[in-house]
Structure formats: C-alpha cells, structure tokens
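Chain order of the listed sequences is A, B and C.
Its first residue numbered 1, the first sequence is counted upward by one per residue in the numbering used here.
Its first residue numbered 1, the second sequence is counted upward by one per residue in the numbering used here.
Its first residue numbered 1, the third sequence is counted upward by one per residue in the numbering used here.
One or more of the hints may lead you astray.
Stated by the list, open to error - In silico lysine-lysine, DSSO-like type, Cα no more than 30 Å apart, as pairs:
#1 B/LYS163 with B/LYS173
#2 B/LYS366 with A/LYS174
#3 C/LYS3 with A/LYS119
Worth flagging that the hints you see were computed from the coordinates, not collected in a lab.
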Amino acid sequence: MSELTLEPSSSLWKDAGHRLSRNRAAMVSVVALSLIIAACLILPAIPGLILNPDLQNLPNKNISPSAGHWFGTDHLGRDILSRVLSGGRISIAVGFITTLVSVTIGVCWGALSGYAGGKTDAFMMRIVDILYALPFLIVVILLGKTLEPLTAELTRIVVGWFSPAGSSSASINKTTAWVEPITTLVPLFIAIGALSWLTVSRIVRAQVQSVAKQEFVEAARSLGLGHFRILFRHILPNTLGPIIVYTTLTIPGIMLLEATLSFLGLGVKPPYSSWGILIDEGANRMLSNPWLLFFPTLFFATTLFALNFLGDGLRDALDPKSAKD
Amino acid sequence: MVRRVMLRRLWTISAISCLFLASCQKETQVERANREGILLVGNSAEPKALDHQLVTGVIESKIITSMFEGLVADDPLHDDGAPPGAATSWEPNEDMTEWVFHLQPEGKWSDGAPVTAHDFVFAYNRLLHPDFAGPYAEMLYFIQNAQAFNTGEITDFSQVGVKAEDDFTLRVKLREPVPYLPSLTRHYTWFPVPRHVVLQHGKITDRFTKWSTPPNLVGNGAFKLTEWRFHDFIEVRRNPHYWNAANVGLNGIRFFPIENPYTETRAFLSGQLHTTYQLPSDLIRTVKENSPEFLRQEPYVGTTFVRINTTRPALSDPRVRQALSLTLDREQLCKHIMEGFFPANSLTPKMGTYEPEPKLEFNPEKARALLAEAGFPNGDGFPVFSMLISKPAARAGAEAIQAMWLKHLNIRINIQNMDWGSYNSAQQSLDFDISSAGWIGDYLDPTTFLMMWTKGNGNNNTGWSDPRYEALLAEAALKSDPAERYAIFRQAEALLMDAQPILPVAYYTRNYLLRPEVKGWHPLLLDNHPWAAIRLEP
Amino acid sequence: MLKTLIGRFFQGILVLFVLFTVTFFLIKELPGGPFKSGEKAIPEHIRLKIEAYYGLDKPVQVQYYRALTNLLKGDPGLSLRLEGREVTEIISQAFPVSLQLGLVAMLIAISIGIPLGVIAAWKKNTLIDYSAMALAMIGICVPAFVIGPLLADQFGRRSNLLPAVGWDPTHPSSWFLPALTLGLATAAYLSRLTRAGMLEILSQDYIRTAKAKGVGSFRMLVRHSLRGGIIPAVAFIGPAFAGIISGSVVIESVFAMPGLGTHFIKSIEVGDSPVILGSVMLYGSLIIIANFLTDLLGLWLNPRLRASR
Numbered sequence: 001m002s003e004l005t006l007e008p009s010s011s012l013w014k015d016a017g018h019r020l021s022r023n024r025a026a027m028v029s030v031v032a033l034s035l036i037i038a039a040c041l042i043l044p045a046i047p048g049l050i051l052n053p054d055l056q057n058l059p060n061k062n063i064s065p066s067a068g069h070w071f072g073t074d075h076l077g078r079d080i081l082s083r084v085l086s087g088g089r090i091s092i093a094v095g096f097i098t099t100l101v102s103v104t105i106g107v108c109w110g111a112l113s114g115y116a117g118g119k120t121d122a123f124m125m126r127i128v129d130i131l132y133a134l135p136f137l138i139v140v141i142l143l144g145k146t147l148e149p150l151t152a153e154l155t156r157i158v159v160g161w162f163s164p165a166g167s168s169s170a171s172i173n174k175t176t177a178w179v180e181p182i183t184t185l186v187p188l189f190i191a192i193g194a195l196s197w198l199t200v201s202r203i204v205r206a207q208v209q210s211v212a213k214q215e216f217v218e219a220a221r222s223l224g225l226g227h228f229r230i231l232f233r234h235i236l237p238n239t240l241g242p243i244i245v246y247t248t249l250t251i252p253g254i255m256l257l258e259a260t261l262s263f264l265g266l267g268v269k270p271p272y273s274s275w276g277i278l279i280d281e282g283a284n285r286m287l288s289n290p291w292l293l294f295f296p297t298l299f300f301a302t303t304l305f306a307l308n309f310l311g312d313g314l315r316d317a318l319d320p321k322s323a324k325d
Numbered sequence: 001m002v003r004r005v006m007l008r009r010l011w012t013i014s015a016i017s018c019l020f021l022a023s024c025q026k027e028t029q030v031e032r033a034n035r036e037g038i039l040l041v042g043n044s045a046e047p048k049a050l051d052h053q054l055v056t057g058v059i060e061s062k063i064i065t066s067m068f069e070g071l072v073a074d075d076p077l078h079d080d081g082a083p084p085g086a087a088t089s090w091e092p093n094e095d096m097t098e099w100v101f102h103l104q105p106e107g108k109w110s111d112g113a114p115v116t117a118h119d120f121v122f123a124y125n126r127l128l129h130p131d132f133a134g135p136y137a138e139m140l141y142f143i144q145n146a147q148a149f150n151t152g153e154i155t156d157f158s159q160v161g162v163k164a165e166d167d168f169t170l171r172v173k174l175r176e177p178v179p180y181l182p183s184l185t186r187h188y189t190w191f192p193v194p195r196h197v198v199l200q201h202g203k204i205t206d207r208f209t210k211w212s213t214p215p216n217l218v219g220n221g222a223f224k225l226t227e228w229r230f231h232d233f234i235e236v237r238r239n240p241h242y243w244n245a246a247n248v249g250l251n252g253i254r255f256f257p258i259e260n261p262y263t264e265t266r267a268f269l270s271g272q273l274h275t276t277y278q279l280p281s282d283l284i285r286t287v288k289e290n291s292p293e294f295l296r297q298e299p300y301v302g303t304t305f306v307r308i309n310t311t312r313p314a315l316s317d318p319r320v321r322q323a324l325s326l327t328l329d330r331e332q333l334c335k336h337i338m339e340g341f342f343p344a345n346s347l348t349p350k351m352g353t354y355e356p357e358p359k360l361e362f363n364p365e366k367a368r369a370l371l372a373e374a375g376f377p378n379g380d381g382f383p384v385f386s387m388l389i390s391k392p393a394a395r396a397g398a399e400a401i402q403a404m405w406l407k408h409l410n411i412r413i414n415i416q417n418m419d420w421g422s423y424n425s426a427q428q429s430l431d432f433d434i435s436s437a438g439w440i441g442d443y444l445d446p447t448t449f450l451m452m453w454t455k456g457n458g459n460n461n462t463g464w465s466d467p468r469y470e471a472l473l474a475e476a477a478l479k480s481d482p483a484e485r486y487a488i489f490r491q492a493e494a495l496l497m498d499a500q501p502i503l504p505v506a507y508y509t510r511n512y513l514l515r516p517e518v519k520g521w522h523p524l525l526l527d528n529h530p531w532a533a534i535r536l537e538p
Numbered sequence: 001m002l003k004t005l006i007g008r009f010f011q012g013i014l015v016l017f018v019l020f021t022v023t024f025f026l027i028k029e030l031p032g033g034p035f036k037s038g039e040k041a042i043p044e045h046i047r048l049k050i051e052a053y054y055g056l057d058k059p060v061q062v063q064y065y066r067a068l069t070n071l072l073k074g075d076p077g078l079s080l081r082l083e084g085r086e087v088t089e090i091i092s093q094a095f096p097v098s099l100q101l102g103l104v105a106m107l108i109a110i111s112i113g114i115p116l117g118v119i120a121a122w123k124k125n126t127l128i129d130y131s132a133m134a135l136a137m138i139g140i141c142v143p144a145f146v147i148g149p150l151l152a153d154q155f156g157r158r159s160n161l162l163p164a165v166g167w168d169p170t171h172p173s174s175w176f177l178p179a180l181t182l183g184l185a186t187a188a189y190l191s192r193l194t195r196a197g198m199l200e201i202l203s204q205d206y207i208r209t210a211k212a213k214g215v216g217s218f219r220m221l222v223r224h225s226l227r228g229g230i231i232p233a234v235a236f237i238g239p240a241f242a243g244i245i246s247g248s249v250v251i252e253s254v255f256a257m258p259g260l261g262t263h264f265i266k267s268i269e270v271g272d273s274p275v276i277l278g279s280v281m282l283y284g285s286l287i288i289i290a291n292f293l294t295d296l297l298g299l300w301l302n303p304r305l306r307a308s309r
C-alpha cells in the first residue's frame, strides 16, 4: 500500500503536464500557435525582411501568389503576406490583452465575492446576473461607437507626454505613428472587456468557495494571516487550473468579436488593419481575388482552432475526472 | 418513449434535408419577374423620403421619376431630347426670360383627378416657402423673385414669377434668360405635387405628413406606389391613369436598397436583379472575363474631387492646395483604382459644346517648390489632417491618395470613415479638414457644376468664395447666346482651378451590370432612363 | 420552485430597467446627430424647431422620464432617421423577419448539433467522431461573414439554387442560407456539449449495468442516456438564443436582410435614439424570456433540480 503523502499542488501540475503532452491535438496546437505568434510579432520588426504592409504599388495589384509575393497582392498592390503578419499583431494584441484585462477583473471580482460570502457576495453576484442578461453584442456595439472619439483624445494626450511643446512636427508624427495603433484599440479593449469578465467571475467564485471551505484555510485564519494574503497567496493558486483553461478558451471568442466589430465597421479603423478587416476585404473580392480571403482566414482560423484545442487539452489535463474518458 | 425519441431524431435529420430540397428555388427571381413584367432594380440605399420636395439625392430621384413626371419628359435615346411630359408643348418669348407651358388635357393623377397648372403653382409655392425649409429650393431660383420669397424678403407668393393662366396653361417668368429651361424642368424639383392630397394630410408648409407614404401617395407618373418595406424593397405598379399608359412597357418595378456594392453584385449574379446601381472597380475585370454581356461602362456627368476646408491653417494657402493637386497622379488612380473613370483636367466634364480649359496636371517637383514657398519645405511642420470618406468603396482611392502625398510631399494624413449622415453633417458645419467627395450634375448645363462655389451655398462646404468668381457667373447669367455664356464660364472655371478649394480627381464613368432582356435602356449622360420606355424581353 | 420563478421574473424586470438606463445615457454620448445628417444643411431655425418637436431641447432628466413612460405606454415615438415614420411601424416590419431568422436558425442548430453530438459520442474516438468535431470547430472558428458569402457564392451565384441576398417571408428558399450560416456556430457548440454530456452519462455505472444486462445498444443509447445527456446542451440553449440574436445582426448585414439588426446598426450610425432604444429593449426582453424558458426547460428535464433550491 502506498504511503499517504500530502503532496503540495506541484504534482497536480506535473500530472497535468504529462497528460497534456500526450494529447496530440494540444501539442500540435502549441507549436502552431507559437509559430504564428512569433511570425506576427517578430518578423515585421526585422527591418528589410518583410515588405511594408502599407506600401502601395498600383501596377502590381491583384497578383496571385508568386515568387515575389508569396501570398499575392491585394487590390492596391500591397503584399498580402506582410499585411497578414502585421494585421495579426493587432488581432493577437486585442485578443490577448483584452482577455488579460477581462480575466483580471473577473478573477478579482469573483474571488472577493466568493471569499466574502453573505450579503456582499449576494450583491456582487446580483450585479453579475444583471450584466449577464444584457444583449452582449448589442451593448458592445453601442459602447464601441460611443467610445470612438476617445481615440483622438487619448492620442493627443499620450503624444503630449512624449513630445513636449516645441518639438518639431516630424518628431510628433513619429511618436503618433506608434502611439496611434495602441490608442485606436483602447475603445475596443473597454467595449469588449466591459462585459466579458462575467463568466470568469462566476467560475472563480465557485472555485474560491469550494477551496475556502478546506481546512488549511481555517488554519491560516487562526494563525492570524490577513484576508488578502490568504485569498491571493493561498486560495487563488489552487483555483488556477480552471482559470487557465477558461482564459485560453476566452481568447478565440474575443478575437472573433474583434473581427465581427471590424466587419461592421466599428472595430479597428484604417490605416490599421486586423485579420478581421483583411477577411472582410477578401470576402468582398472573393470573385476576383480569392487569395485575399484565403490567407487571412487561414491564419485566423488556425489560431482559433489551436487555442480551442489547447484549451480543451488543458481542461482534460487539469480535470481529474477526465481519466475516466 | 423510445420510438418517440428515435423518430424525433430521424425526423430532425430528414427535416433538414427536406427543408433544403424544398427550399431550392424552381426559378430565379429574375425569371419570375420576367414572367410578371416587373423590373428588379438595385438602388443602393433606403430613400430618405418619397416626397420629392424633401430630398436632394440621386437614389431618391430614381424612384420618384417612376411615380411623378415633370413638364418635359426624359428622352430614352438622346441626352438633349425633350419629349412631351406633363406638358405637350412650350414656347419661350424673344429673350428667353419667359416660357409658357401647355399641359396635357388628359393628364391625370393616379387617383383619377386631373393634373392642372394649379398643382404646379402649389408645388413651387410649397418648395419655396421659408417655413417648409425644402433642402433643394434653390433649384427654383431661376424663377423671378423665387429667391426673395424663399429667404423671406417677400411674403406674397403671387409676386413670384409663376402663374396658372388657366387650368392647363402655366406661365413661368425667369430672373434671367434661361434657354435650357425645358431641360431644367426634367429635374424633380420642378415636378408637381397633388394639391388635393397634400392638403388632405396637412398644411402646405408641413413636412413629413402621411401624404407621401403608402397607401396615400398619389403621383402623375407611369407607375404608382404599392409597397414600401424598409431596407427590403419599394414597389411601384402600373398607373392606369397615366396619360401615356398605353405605351408603358413594364407592369411594375421593385427597387432594392442594397448598400454594399459587393453584395449587390452577388445578388445580380445569382439572378436576383435586372440591374445594379454600381459595380465595384475590382470586380470589373472578372465580370469582363466571365460575363461580359452584363457589363456596362458609360460616361456619366459627374466628377469626383477632394474637398478642402479652406478655413483650416495651411489649407487656407492656395499654394498648399495647388501642391496637393499637383501630386495627385490621376492617371494612376484611374487606371488602377477607379476603373473606367477619366482623369479630370478641370471640374466640369464635357457636356454638349462646353469644354473647360484643361488646368490640372501631375507635377510633383512644382508641387514641392510651392509647398516650400508656403513655408513647409519637405513637409516639415505640415499639420496632420484627416480625410473623411463615407463609403467603403472610397477607401481604396483615399488610401492611394494618402500614399501619393506621403511619397511626393512627405506629409501624412489620416483616413476617417464616417457613415453617410455624419459625413454630410461634418462638411456642412465645416467640421473637417479634407474629404473625398463628388458631384453629379442635375442637368446638362455648366451652371450645375459652377453655381455651388458661391458664398453661402449649401453645397459649397469649403469656406471659399471669391467675388470675382461670382461676378463672372452673374455676367454669364445675363447672356442668352450659348457661345458667349460658355466663354465666360470657362473664365470662371479657370479662376476656380487656380484657387482649387476642391481638387478634381476624375470624371465618372458609370460601371454597372444590366441584363440583356432589359430593352429601351440606352447610355445617357445623366443616367435618367425614363421608366416608361423600358421593356422586358426575355 | 414557484418562489424561484417569481424571483427570476422580478430580476428580469430589474435587468430591463438597467438596460434601458444604460442605453439611454450611452445614446446621449453618441457622436453625430440625426438632424445634421442630410445631404444639405437644414437652416438653423428649422432644425431647432424640429428638435423642439421631438423634445430634444428639454433637460436630460425630463427626456429620460418621457422616454421611459413612452416605452411603457408602448409608443416609443417617431424615428429620427426615417423621418416621420413611427418606431412601432418600423419594428413591426423588421422584428418578424429577425424572429423568423432566429427561430429557423435555432431549429437548424438543434437539428444538426444534437444528433451530431450524439453520434460523435456513440462513435467515440473514431473517424466519425473526429470529423464531426472538426466540422464543429470550423463552425466555431470561421466567422459568419466568411461562411455566409462562401455559401452564397456556391449556392447562389454558381448554381442559382438559392437566393444569395435578402429575406422573403413568403419564399422559404431565401431562408436557408442566412439561417444556416447563423445556426452553424450554435450547432457547433451544441454538438460539443451534447457529446460531452452523452459521454458523461455513457460512462456511468447504470449504463454499464444495462449493457451487462444485454440491452441492445441503440435502444440503450436513446432511452437511458438521451434525457440526461442533453442537459448541458439544453442549459446552453438560453445563452445560445442570446448568441443567435446577437449574431443575427451580422447575418442581416451579410445577406442584406430587412431585419431589426439592420435598423439597429443604421440607427447607431446616425443617433436615432427612439429606434435604438426600441430595438435594444426588444432584444433585451427576448433574451430574458429565452433564459426564463430555458430555466423552465432545465427544471422539467432534471427532476433533481426541482426538489432542492
């Protein structure tokens, strides 16, 4: 008979890691994701390697994939490969950062609510229930449109930080060139993030409640440890599993949402483009230039597939019941 | 229980397949419409209203001209033809300052009431009335004292130069010689309204009463309104009371407000439309290769241009505007983006015998010199402006221009996409820097392109005006000899092109799709095909 | 149980109130405005007259109160974009289209998703399972505004089998493509949930018992496990309906349909507050009703839930 060892949670991770590595779909997904993310983030930054995505070359328009342009060119002669990669930056940024923001809010809300219990819990969850019942896309569209003027304001403010009064317009232009892509996305972050933290807060609350009942928490309390310490140092780490799974599964939903908003003209605005915009441009020109649709969709769908398979794999790996499957 | 559940599952699987098979259509919508004699027309957007005195757009005019008719009708074959419409004949006085129109004795509204000269007088009264605030009242300013009445200077409409001498005779007194008045009356601002119906639903100055909605709308055209479903379609059917009903070829028309041009093309190619409103330039080549029998490319009396807010810093300097204009490679834009369009060499496209002086060119070096002269050598210190566009189709052109200015002048602009409504309001309130715009002529005379650049004109929206320009236009107005008029217009236009509050880019070509069974449809500069002359011959 | 239901009902009312307030104030912040949006400028004094007519010159609280009472009376007033037309007229034209779309899409989603999930669970880890789940993945990961035009191109342009654009309540041929595109994502989720739920049930002891008893496999599958196995899917139907309602906005745009979503988008562009308010409240109510019905359905399917609470 084996010893009864009270193993710390590290063995959960080890076991999970083992299970995950045996899941072929998940492993392939990890590889695919890393490749895509690396390509989108790193390649465009290497000077000279990738063509300028905004460079128009009108006589070269609508070329099919060829030696000079691996993915072909679009209706303005821009290289599709570079557009897919730099558009990917924005899509990935929106997906990951918004998810990060949304999960952070949700974790804090749910943890506090689950730990506090009683009336506070009831009140906080009542708010979640109410917000949950709002028509999601409708409210996001409304918020996104209302926040549109925010971009210009923010850009002005941030550029003001970096370029004190009296700088030449050339340097202002330069600063604007990297500030603007970020501030363009801020309304999106807010609009999407405002309602997407709800589900994770419920999950975290349930998890925190079940962990908080365990004896080691009582022990910590009797030792005089502060609430916050207990919550964030001891309880939350034990709930990390579902949080990670949920986060991985949220990103694709958010990327899809960004693509939808861009399609409706409410998301990322020109001259910046995301996969959503590229896909929309491609869908319109399907008849004459199918490569314009094919490549962005390929990258987009592959990223979403990979995230979904990875999330499924993580769920199977971290959930003990999956052993029965 | 088992059987029920099993059956339920089998049923659901086969239900899908049955639904699919059953829903496959036996004939396309075009085939059905051909049988019924109904023309299916793509019309780009939902009309603001069908009361022609409340609108200014081309989209609305397409529908309005099916239900109403002016004194002179549109000619299906000739740009300058003037077949009888609500009037059978007309004659001017010696110096072209007065015209008398004789109305059709058999002219009737679609409810059977006769169309009289009083309907015309009532209509002009209504459109010009200051309280009615008709957006396009200025089209009637040619009439003596019309402007004074519209601005409230005079309050007695009987002083305005339009009189019903009897039920079927209309006398129009003009403020200046207008030799092309018959042509002018083909525009919907000169159409009549059914006085008896309008007054039934409100006062003469009431806007948006129910008179212009189904089932109340009454018109004197070849068709009458039967259905108006928002964002779905507007249907008109044959008007049996129309004076020329015997010669009307169609049984009805359905207008579809499909905004996205790619979706519209898809609808056409799936057999859902007889004609589209437009064809996106990137699809032209594919259509040429695969279905050339549908493609129509026809010159159109319109110009696309870049509108500049001359009240903004840097843009107020004409040298800057010239520089911007000199770096527009119009050839490239037309060749690669606006396929079929012609590079503009001035504002007004050639119409009839009028051809403006070619003043526009592509000269980046000269542009750079001018920009330096204006205080922005190599683009240094030049503010970053925003260019407004309102249609996704315009984005390609805007991005190309953005790239050209960056390349040749080293200046940056941003592109801002706004919906049609906000786009218009921003320009009207001069709350913009630059915009991508265009103008389509309302009638075939240079004034339709040149009149609007006067001070205070609601279509100017540049903040520019020049008393010398207005003096020239006023001078031309007094001449009745076309050659003399045109000479002065050429001078005025040259002045306009020196100042360039707007940078003309290209002359329109209409690219669109049309099915071969649509007959009676000929290329027309104003694209005003009279619906009554169309027939379907599958 | 009755208590819970009543509680839910009141919560629903509260949600609608919050939705109304949030929407109202967000609309006030929208850029642009309905009366500056004509092609030609309306003279200032006329614009002021029109705004007074619509009550837009009153202070915000008064406007809010008016809007609320009007809504409760069932008369949200006149549209600011389609001038002079009543919001009720607009919604009564548009809503049936969206509702029809949503219902047909839901029907298709259930008819495809649940059987697909059951089959995948039954043939677990075989090629059928993998392909079914791969198909589901495509439904989840490829956006509707790609699938829609692709299907429309194939069935509309190339083969003229189905109309590519528009929605005609009298001709079912125009329903299929939009409803299918809309229902695919939901079908995908439903199939995954059904598969998971069925697997859960199938692995339980009483199933093994039935197997040992020699019960024929197909009968066992449906008789014993379906009711329990579809619980996760059924629980999802409420949120699924919400998703279909949201998704209909995109589909209506892709297929140029005259539904509520089209009006919603247009009125947002122009700041047509009566129509925005009317459509948002309608959407919100639909979702609340759908959630309510799902709770009822869930309670009915799972007797265990009825007892406790």
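Hint by hint, here is what the structure shows:
1. Restraint check for B/LYS163 and B/LYS173: satisfied, since their Cα atoms lie roughly 8 Å apart, inside the 30 Å limit.
2. Of the supplied pair hints, the one linking B/LYS366 and A/LYS174 holds, its CA atoms being roughly 27 Å apart against a limit of 30 Å.
3. Taking the CA atoms of C/LYS3 and A/LYS119, the gap is about 20 Å. The hint holds against a cut of 30 Å.
Comparing the model with each earlier hint shows no violations; every hint is respected.
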